[in-house]
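S.K.: Start from the sequences, fold in the hints, and give me the full structure.
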Amino acid sequence: MTELDTRAVDAPAPPRRAAATLRNMPRNPYLQYALFGAALCVLPLLASAGVLKASTLSTLAFVLIFSIAAMGLNLLLGYAGLISLGTAGFMGLGAYLAAYVQDDIGLGFWVALLAALVIPTFLGIIVGIVSLRVRSIYLAIASLFVSEILLKTFEQVEWFTGGTAGKQSAYPVIFGIQTTRGSMFVVCAVALALVMMLTHNVVHGQMGRALHAMRSSEVAAKAMGVNVLKYKLVAFSVATAYAGLAGALYLFFLKSSYPSTWGLFLSLNVIAMVVVGGLRSIFGTVAGAFVIFAVPELVLKKLPVIGDISGVPYIFSGVLIVLVIMFFPHGLKGLVDLVVGPIRRARSNKEVTGA
Amino acid sequence: MSGTEALRIEHLSISFGGLKAVDDLSLTIYDREIFGLIGPNGAGKTTVFNCVTQFYRPDTGNVHFRVDAERLHRHGHKAAGAEEIDLVGRPVHTIIRYGLVRTFQNVEVVPELSVLDNVLVGGHIDFKATMAEQMLRLPRARREEKEYRAKAHEVLAFLGIDHLAGRPAGGQPYGVLKTVEMARTLMAEPRLIILDEPAAGLNDSETENLAETIRKIRDRYGCTVLLVEHDMRLVMGVCERICAISFGKFLALGTPAEIQANPLVQEAYLGAPGE
Chain A
1 MTELDTRAVD APAPPRRAAA TLRNMPRNPY LQYALFGAAL CVLPLLASAG
51 VLKASTLSTL AFVLIFSIAA MGLNLLLGYA GLISLGTAGF MGLGAYLAAY
101 VQDDIGLGFW VALLAALVIP TFLGIIVGIV SLRVRSIYLA IASLFVSEIL
151 LKTFEQVEWF TGGTAGKQSA YPVIFGIQTT RGSMFVVCAV ALALVMMLTH
201 NVVHGQMGRA LHAMRSSEVA AKAMGVNVLK YKLVAFSVAT AYAGLAGALY
251 LFFLKSSYPS TWGLFLSLNV IAMVVVGGLR SIFGTVAGAF VIFAVPELVL
301 KKLPVIGDIS GVPYIFSGVL IVLVIMFFPH GLKGLVDLVV GPIRRARSNK
351 EVTGA
Chain B
1 MSGTEALRIE HLSISFGGLK AVDDLSLTIY DREIFGLIGP NGAGKTTVFN
51 CVTQFYRPDT GNVHFRVDAE RLHRHGHKAA GAEEIDLVGR PVHTIIRYGL
101 VRTFQNVEVV PELSVLDNVL VGGHIDFKAT MAEQMLRLPR ARREEKEYRA
151 KAHEVLAFLG IDHLAGRPAG GQPYGVLKTV EMARTLMAEP RLIILDEPAA
201 GLNDSETENL AETIRKIRDR YGCTVLLVEH DMRLVMGVCE RICAISFGKF
251 LALGTPAEIQ ANPLVQEAYL GAPGE
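These protein sequences, in sequence, are chains A and B.
According to this note's numbering, the first sequence is numbered sequentially starting from 1.
According to this note's numbering, the second sequence is numbered sequentially starting from 1.
Keep in mind the hints are simulated off the structure, nothing from the lab.
Please note that a few of the clues may not be correct.
What the hints assert, rightly or not - Listed below are the simulated BS3-like cross-link pairs for lysine-lysine, each with C-alpha atoms no more than 27 Å apart in a straight line:
{"hint": "1", "chain 1": "B", "residue 1": "LYS249", "chain 2": "A", "residue 2": "LYS230"}
{"hint": "2", "chain 1": "B", "residue 1": "LYS249", "chain 2": "B", "residue 2": "LYS20"}
{"hint": "3", "chain 1": "A", "residue 1": "LYS230", "chain 2": "B", "residue 2": "LYS128"}
M.R.: Right, here's the structure in full:
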């Protein structure tokens, strides 16, 4: 035993790592996200060629937008183990801020985007500081309250939100180019790809490990020097920033916003996207957003009998959440792993023995 | 025993709802010593330990810990030379910065992370890149990640489990998880490692190896080891000095042979003679 150990000490870091990096190039995650974004950019072309219906393109744009919000919630729920019931409120705030700054003040797209990112995040940090000091579960309660207060605000403060009549906006001018429906779709796709890359960086470094350690055992995380409150706040502020961004993109794509959009149902739907897609999975989150938002819109509402029932999307996400939690706790990602896992394992075993 | 003091516990007391878990305990542990804290079930061993690492705030008493200037400087403290600090009242997550790291009785590793990533959690405090730098993968964040990854591999190789680095921690055998936890403490370049019942759940040969590993760690890292343990073979085999406590009170202090021969200790473990 001792002899073996001394040899291990003297041995340098395994030399096969460089070779493995080369072999993994096609599996480079950044490349995957970029390719995914690029592939999405083709869709508006298909729409203008008449292959894809304009309404379908809109539905897909909302899938991308909700994916961004869900990505933030996945970081919060999947990594930090916290839950927020206020995603919709922060999204709505982002949307109205974007409209107010772009159209009422006239400061243009970038300032509007910045406002939609910074102000909800700031509010989120305050909510987090107040609630997370006590216990993790209070974040869910506090975020729900704040979201409901925001919803009432959206209805009442007419100079800011246009009240129940809604706020109208226009496609923004980005880099001097007047966007259209198609180019806004591209903007959403680019934003989603960037958010995927940022999220990847967050979860695959020191921060991600700290979040993992914290979720797994707060006591152990503290012993390793993780400032638990700080990392909970970080996760929540990233989630609110993503929600604000998603809200702004929603407004820019739809050119209008109504208070009824930003209710509890949307917050719950975002949670459903994360759970159905698979906790801690970046592509899974997008898949979850597609299933939860696009399937009712594109498929269910067009079915003969089912499509006539009002509130089909509600029933659909409710039933799906129950099914996923009962039978597929890892969501769509778990389903994919079930199929791909054995293949990948066989391949990596070959690599290990072959090296 | 001579040498510089590493840890000095003075008149430590803590009670829970009227029950004195630790009662006026004082002891000194010297630099590079392998020190054992033993006692029958419910003697307050783990409580002492939690008072040292500030998971519990003691009612009275001090925990003095000697920190070298270089380490204080690295974590942004101003200090002229080696300094003795009182740990009592400091936030739990700051304790590791002074070079005091612990393991857990029921191994606390993250099953979803790889063995290597679990070890890297131990290097948490050494990362200097800001959050923005990490989110954008700026050069400093990338360089640090690479540097500490190499260091984690080194530590794993030192403990003989580098071949498992890429495997998920969940599903590894118990003995391996214990080693992963040990590796995690080493990432922090500890001055004092506190091991909470490291032999619990290990078989005979694993316990044998553990004693070997503890000595090896002390020699290589030049650190002090405080062992809170139930397993008498391990304690008697590896510790240089042992302190026995019973019902939170100091009972005896000495070499393994002295402790084994001590009538008070025998009584505490086996009951009063003649019973």
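S.K.: All hints, please: hold or fail.
M.R.: Going through the hints against the structure:
1. For the hint pairing LYS249(B) with LYS230(A), the CA-to-CA distance comes to about 38 Å; that exceeds 27 Å, so the pair is violated.
2. Restraint check for LYS249(B) and LYS20(B): the C-alpha separation of about 9 Å stays at or below 27 Å, so the hint holds.
3. At most 27 Å may separate the alpha-carbon atoms for a hinted pair to count; LYS230(A) and LYS128(B) meet this at roughly 15 Å.
The structure is inconsistent with hint 1 alone, although it conforms to all the rest.
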